[in-house]
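> Assemble chain B onto chain A, guided by the hints.
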Amino acid sequence: MTQPTASPKRRRGCCFGCTVTALGAVALLALAIWLGPTLLRAAGIMQPDAETLFAGAPDRQATDAMNESLASFEITGVEAMVLPIAGTDGQLAHFTVDVDAAAAGGLQSPEEAEAWLKELAAQMAAQNDALELNIEHVALDFAGPDGNALVSVTAPAGVFEAYASGAITREQFAEALDVDLGSLIDLARGEGLLEELP
Amino acid sequence: MNVSLIHRLRLLPLLALLSLLLSSCDTGLAELVAEMALDWAQSKNLISFDAEGNPSVNMGQIIAYEAVRAGQAAFGSGDYTTGDTALDAALDAGDVVKSVKDADELANRGMAQGDPALLDSAIQARPSDWNYHDQKGAILVANGDAVGAEAAFSESEALVERRIDGGGSCRALMQNMLRGRIDAYHNQLVREPDNEQLMNQLFAAEDELEAVNQRLPGNRCEGRQ
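Protein chains in written order, with the numbering used here: chain A, 1 to 198; chain B, 1 to 225.
Treat the hints as calculated values from the structure; they're not laboratory data.
Nothing here was measured: the structure is a model prediction, and the numbers come from that model.
A virtual CB, placed ideally from N, CA and C, is assigned to each residue, including glycine.
Be aware that a few hints might be false.
Some chain B residues near chain A, calculated using beta-carbon distances under 8 Å [unchecked claim]: (1) 31; (2) 36; (3) 93; (4) 100; (5) 121; (6) 125; (7) 129; (8) 165; (9) 168; (10) 173; (11) 176; (12) 179; (13) 217.
Chain A with its partners taken away, still in its complex shape (with noise of 0.2 Å):
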């Protein structure tokens, strides 16, 4: 009498084990990109962002005093809002100038533009002292028709408060800054400006 022989079992081939990886290392990628940055961060190795730099809530009365300020001096198309800044007791100023806005103020000329530029600083400075504010950066987003800053520009403010008064001129301002070019970059690429350079 034969004994039955048991069936052999049916390999599964090397085909899911190559899949149970493959998506195991998809969802690991995933799971690094995802917590990456927020555990670099912990560890202090990233820098944090402006998000979190900037989380708490806004300095409201810096931020009405700013804007009545500027009203009173009739600078236009501007918008202030100050912002505490996280581990230390320092506040960034920051100023979205919508440019349109601004120029139906009656900026023709670059000179004019200049002054009402220096004019905005002074203000800032101003309204820094008196209120003891701790206003430790400035930023400037210039924002285009569609209201998204197309350059954004920050300094320390005791660089915008010199450029005020006279005491460094436009270029010593302007090497100064720090700039982000990012979004007029996406814009040119967008517009296939890039391709057609030499």
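Just chain B, lined up with the frame of chain A:
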């Protein structure tokens, strides 16, 4: 726009685009920004002028500049960044400003309607902004929910304490929080002018702010920076 600038911009399409995009018509401010961008780009060697004064631009270098700058801003100092964390992050502060404005709109509607659910939406959008918790607390006081109000104020205070523990100025942050709370009480008193509880809490918050301002004994920041 003067002739020399037009000549320079014709050779520098990126900056010409900046000028065009900044304004639909020629304005002094758009021109100033474009000229300052040229000054800045020259100072960073992103554009250069030959012996005859003809400008040239290295677009690859400009793009590389942006990529390197972003990396350096994320991981620390470098040739293209200031090395100052806050200053590097300030370039992206516009996104924060936009999110504050959006959340403020929800909060303002909530305050006008006395609807704490709209404040919850604002809190969800910006969970670390203690002002929204205070505004929610003021609404709940006005609506007679003392327990809910206390929880909202406690959450606000915990957020502020966390910022102080992280190195912020106790006095400045407490002033910020208490002013926001006082504004919220005033706002709700417009909706509920005869609410005695609101009135009492407003006076208490004003006393607390005065104590912090004058550094009176027992104020919230006594013994701290």
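> Indicate, hint by hint, whether the structure satisfies it.
Structure-based check of each hint:
{"no.": "1", "hint": "31", "verdict": "holds, 5 Å"}
{"no.": "2", "hint": "36", "verdict": "holds, 5 Å"}
{"no.": "3", "hint": "93", "verdict": "holds, 5 Å"}
{"no.": "4", "hint": "100", "verdict": "holds, 6 Å"}
{"no.": "5", "hint": "121", "verdict": "violated, 16 Å"}
{"no.": "6", "hint": "125", "verdict": "violated, 12 Å"}
{"no.": "7", "hint": "129", "verdict": "holds, 5 Å"}
{"no.": "8", "hint": "165", "verdict": "violated, 10 Å"}
{"no.": "9", "hint": "168", "verdict": "holds, 6 Å"}
{"no.": "10", "hint": "173", "verdict": "holds, 7 Å"}
{"no.": "11", "hint": "176", "verdict": "holds, 6 Å"}
{"no.": "12", "hint": "179", "verdict": "holds, 5 Å"}
{"no.": "13", "hint": "217", "verdict": "violated, 22 Å"}
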